[in-house]
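A.B. asks: If you read the sequences in order, they're chains E and A.
Just so we're aligned, residue 27 is where the first sequence starts under my numbering, counting upward by one.
Just so we're aligned, residue 629 is where the second sequence starts under my numbering, counting upward by one.
Bear in mind the hints are in silico, worked out from the structure with no lab data behind them.
Values in this document were obtained by computation on a predicted structure and should not be read as measured data.
Beta carbons are placed, not taken as given, at the ideal position from N, Cα and C, and that holds for glycine.
Each hint should be verified, as a subset may be incorrect.
[To be verified] Only pairs whose alpha carbons sit at most 25 Å apart, straight line, appear in this in silico SDA-like list of lysine to any residue:
| no. | chain 1 | residue 1 | chain 2 | residue 2 |
| --- | --- | --- | --- | --- |
| 1 | A | 893 | E | 253 |
| 2 | E | 261 | A | 892 |
| 3 | A | 897 | E | 265 |
| 4 | A | 897 | E | 252 |
[To be verified] Listed below are several chain A residues computed to face chain E (Cβ distance under 8 Å; list not exhaustive):
| no. | residue |
| --- | --- |
| 5 | 632 |
| 6 | 634 |
| 7 | 637 |
| 8 | 673 |
| 9 | 674 |
| 10 | 675 |
| 11 | 726 |
| 12 | 895 |
| 13 | 913 |
| 14 | 917 |
| 15 | 952 |
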Amino acid sequence: MKILVPVKRVVDYNVRIRVRPDGSGVDLANVKMSMNPFDEIAVEEAIRLKEKGVATEVVVVSIGVAQAKDTLRTALAMGADRAILVTATDDVNVDLEPLSVAQILSKVVANEQPGLVIAGKQAIDNDMNATGQMLAALLGWGQGTFASSVTIEDGSALVTREVDGGLQTIKLKLPAVVTTDLRLNEPRYVALPNIMKAKKKPLEEVSLDTLGVAVRSRLTVLKTVEPPQRHAGVKVGSVDELVSKLKNEAGVL
Amino acid sequence: MFLNEMQEEVRETTRSFVDNVIRPAAEALDREERFPAEIYEEMGKLGLFGIAVPEELGGPGFDTLTYAVVMEELSRGYASVADQCGLVELISTLLVRHGTPEQQKMLPDILSMKRKVAYCITEPEAGTDVSGIRTTAVRDGDGWVLNGGKIWIHNAPVADTGFVLARTDKEAGNRGMSIFIVDLHAKGVERGPKEHKMGQRASQVGALDFSDVRLGSDALLGEMNRGFHMMMSVLDKGRVGIAALAVGIAQAGLEAAVDYAGTRKQFGKHISEFQGVQWLLADMAKDIEAARLLVHSAATKIDRGQDATRSCSMAKCFAGDMAVARTADAVQVFGGSGYIRGFEVERLYRDAKITQIYEGTNQIQRMIIARELLRKGARA
Ligand SMILES: Cc1cc2nc3c(=O)[nH]c(=O)nc-3n(C[C@H](O)[C@H](O)[C@H](O)COP(=O)(O)OP(=O)(O)OC[C@H]3O[C@@H](n4cnc5c(N)ncnc54)[C@H](O)[C@@H]3O)c2cc1C
Ligand SMILES: Cc1cc2nc3c(=O)[nH]c(=O)nc-3n(C[C@H](O)[C@H](O)[C@H](O)COP(=O)(O)OP(=O)(O)OC[C@H]3O[C@@H](n4cnc5c(N)ncnc54)[C@H](O)[C@@H]3O)c2cc1C
């Protein structure tokens, strides 16, 4: 079985985010970028399935600017076999909408015919949490979102989902789309020799024209604002004072 | 300097391992003076030893610049761990360049830390002046008999295999020394107690004593009587490694100082708002950057096969002096806290000092720089 894993290049989670002065978005020029952490979990899961003999090939795909090649190389160094870059823009500030990404991915799926797509549940830049679901809908495949465990048996995937208040296990007929949650696995550190080897693994670049899709934006960003500054706390003198403040000022009691 | 994509990726990979595994462990390792076998085992799996060992001999096959990047990042986590990486790099460089195919078969075990190594040069009467060594290897049948003693040998209390410089021709000075591969579990090898050091306290350093240790015909590394020259031939790389290690210590100090200055309040303000503190931070940052550039330039010269001796000595000397001065600044930014055990900067200051001493003292580096200037001219 072939597994397809979409990976997104996002602002590194350690970067202190700054909003562009005109409020049109977040400042992405000269900022450290990395693989979306949920996608790292997806790559790790796919590689583990290959190591267990369940999968035969792991293909990673990224959609966006040429710099996303670095992200793909990281996935190859982790252990993916092959990479595809869909060049969709040359502007690092463009963030493709989930539906566009899902449409592009559905074309890649048509070409690659994977038995399973494992995606991150969301990207940590825009937190849309939609691409995996939309892809499943476009393909007419089953979906197992927020996965904390994935087992493949007899043409099905058993997916344990992290739902409000507990866990839910569902059985999906393959092919299917799975999206990863934080507790699915802990991605490995890349071994140095594999960085060297990743250089030699195939990385194919395709254009939107070749895939036959056009990107259309449906959403307009009105403004982007910094979160409000946190104010210093206050010290209370007694339990009574605390209870009264919680009741009268915070309104939580 | 300007790293390529792959060097950047190596840096990122090493950094995430360092941030998650090494840096959090450093305080306890220093306090307990403990050999972190479990960290080394994991590093072995990740290919963090023998950075420049070619792929066909079991290493990742990177260049000297990549090695310097790894050393800085490891040292930013804990200098003792970086020094272990530097030691393995030196030994494996010697084996790659001078070892027989049979001897090179031990490389995979060395890179996975299954076989711990020691580089044994220094003796009580021979520190800076290596020509004073008294350890001898005397011909005996098709092998040798080794007698003498070494001091301050990194890994001596734990090592399996020593690479020992011994005199093989009394009359021939620097042309009368050879390097032998010695099984440290063999009969006649005694280990002294572990030394208690000022810094880099997870590094196990001690003495080795050899009395009538029998060596087989396969114990000689490289050519007979060329030991001194073989040792000198890896010095440039060793110096780049220690220079990068010094940069890593200072970088950790800078990060800690910037964080602290942004949170500590006196006179109703963050101390980062006082110009006196700002200038400390600025001087730290600019000297660290200058040292890093020297390191990268020296490493690049080695990789391009250019004469790198002056550059390597300048990098080692500047970076070592810088690390001592700038970790002292980091302590200063922390005020009294910086003087208390358990605060990272207190350890960093202690860890920095040895970078002016080992791998050729900084006096010797200045001698080399001057000698090169006077011999080859002052032009850049
Ligand atoms: C933690 C630690 C780890 C070590 N690890 C190893 C190891 O793994 N293997 C190994 O073989 N050795 C090791 N050493 C030894 C180290 O290499 C020596 O300490 C170093 O070479 C200096 O020699 P020395 O201590 O005898 O000092 P000395 O040579 O006695 O020097 C004393 C002082 O005199 C100065 N000096 C000497 N000659 C001159 C000169 N011609 N001109 C100007 N000044 C001069 C020196 O710069 C220094 O300041 C280690 C030492 C330490 C502390
Ligand atoms: C071993 C030891 C023994 C001690 N013994 C005693 C004792 O017996 N009794 C006692 O009362 N205290 C004692 N102390 C505390 C000592 O006096 C304080 O550590 C010292 O006054 C510095 O204060 P601090 O540590 O809070 O540093 P901070 O005041 O937080 O200073 C941190 C840094 O900010 C700088 N800074 C602060 N304000 C400014 C400014 N306006 N402009 C520029 N730079 C500024 C400082 O110079 C320093 O570099 C001791 C401390 C130690 C480490």
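A.B. asks: It remains to establish, for every hint, whether it holds in the given structure.
C.D. replies: Against the structure, the hints come out as follows:
Distance hint between residue 893 of chain A and residue 253 of chain E is fulfilled; the C-alpha atoms sit about 24 Å from each other, no more than 25 Å. For a cut-off of 25 Å, the pair hint linking residue 261 of chain E to residue 892 of chain A stands: about 19 Å separates their Cα positions. Taken as a hint, the residue 897 of chain A and residue 265 of chain E pair is broken in the structure, with Cα atoms around 30 Å apart against an allowance of 25 Å. A hinted pair counts as satisfied when its Cα atoms are at most 25 Å apart, and residue 897 of chain A with residue 252 of chain E qualifies at roughly 24 Å.
Proximity of residue 632 of chain A to chain E is violated relative to the hint, the smallest CB-CB distance being about 11 Å (cut-off 8 Å). At about 6 Å, the closest approach between the beta carbon of residue 634 of chain A and any beta carbon in chain E falls short of 8 Å, and the interface hint on this residue holds. A hinted interface residue such as residue 637 of chain A counts as satisfied when its beta carbon comes closer than 8 Å to some beta carbon of chain E; here the least separation is about 5 Å, so the hint holds. The restraint placing residue 673 of chain A at the interface with chain E holds, with a minimum CB-CB distance near 7 Å, inside the 8 Å limit.
Here the hint on residue 674 of chain A is kept, as its CB sits about 5 Å from the closest CB of chain E, short of 8 Å. With its C-beta approaching chain E no nearer than about 4 Å, residue 675 of chain A sits inside the 8 Å limit, and its interface hint holds. Among the interface hints, the one on residue 726 of chain A is violated; its C-beta lies about 23 Å from the nearest C-beta in chain E, farther than the 8 Å criterion. For residue 895 of chain A, the interface hint is violated, the least distance from its beta-carbon to any beta-carbon of chain E being 17 Å, above 8 Å.
Hint status for residue 913 of chain A: violated, given a least beta-carbon distance of 18 Å to chain E, over 8 Å. The restraint placing residue 917 of chain A at the interface with chain E is violated, with a minimum CB-CB distance near 17 Å, outside the 8 Å limit. The restraint placing residue 952 of chain A at the interface with chain E is violated, with a minimum CB-CB distance near 29 Å, outside the 8 Å limit.
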